[in-house]
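Participant: Sequence:
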Amino acid sequence: LNQRAFKMDNTDPPCHAAKSQIFLLRKRFDDALEFGEKSILLGPNYADNHAFYAQVKFSVGMWEDCIALMKKAMRLHPQHPPWYLYFLGVSYARVGKIDEGIANLKDCIAREPDAWMAYVGLTIIYVKLGMANKAFDLVDKMNQLNTGLTLERVKQIAIYKDSALLEDGLDALRKAGLK
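In the working numbering, the protein residues as written are 1 to 179.
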């Protein structure tokens, strides 16, 4: 469907954003970056395009770019969906702004109490900070939410160009008791 829409109008910003997301899911990172950038050039005021491109930047480890794009998306869409806060929070943590990272992840959970991604992000941060009790509590909370989340499921869902980032996160989740 996206291919047909793209052939009809290859200047449509959401088509480029969708194509970027498709390439990201296929782990074709260079193509995802190319189409994400094009979606911004064609539609600089489309909040979700900024957020989707931020997600691509996140997946390739370009944390500062992810932060800038997500903040722009949030300015363009003040009533943004909670998942924006997940990518912003984890990116802040990755660049050493731990307090901002935690605050954004907690805000994500406050806005969407079953946002398992935010629980995962917070759990990893707490393990890295040596706050095992908080990490264990979050894994318990995920289990109470009945997310069905396992290490294997995280491995299937998480998209990182650098597999070491994924393995590092999985190791932290394992230490917190996720099976």
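A couple of the hints might just be wrong.
[Claimed, not checked] Using C-beta positions, here's what the derived DEER-type ranges look like:
no.	residue 1	residue 2	range
1	Lys155	Leu129	31 to 37 Å
2	Leu129	Leu41	35 to 41 Å
3	Pro44	Gly130	38 to 44 Å
4	Lys27	Met131	17 to 23 Å
Just so you know, the hints here were simulated from the structure itself, not pulled from any lab data. Where is the CB? At the ideal position from N, CA and C, for every residue including glycine.
Participant: So, for every hint listed, does it hold in this structure?
Facilitator: Hints, one by one, checked against the model:
1. Lys155 <-> Leu129: 31 to 37 Å: The hinted range 31 to 37 Å is violated for Lys155 and Leu129, with Cβ atoms some 23 Å apart.
2. Leu129 <-> Leu41: 35 to 41 Å: About 39 Å separates the Cβ atoms of Leu129 and Leu41, which means 35 to 41 Å holds.
3. Pro44 <-> Gly130: 38 to 44 Å: This hint holds: roughly 42 Å between Cβ atoms.
4. Lys27 <-> Met131: 17 to 23 Å: For Met131 against Lys27, whose Cβ atoms are near 32 Å apart, the range 17 to 23 Å is violated.
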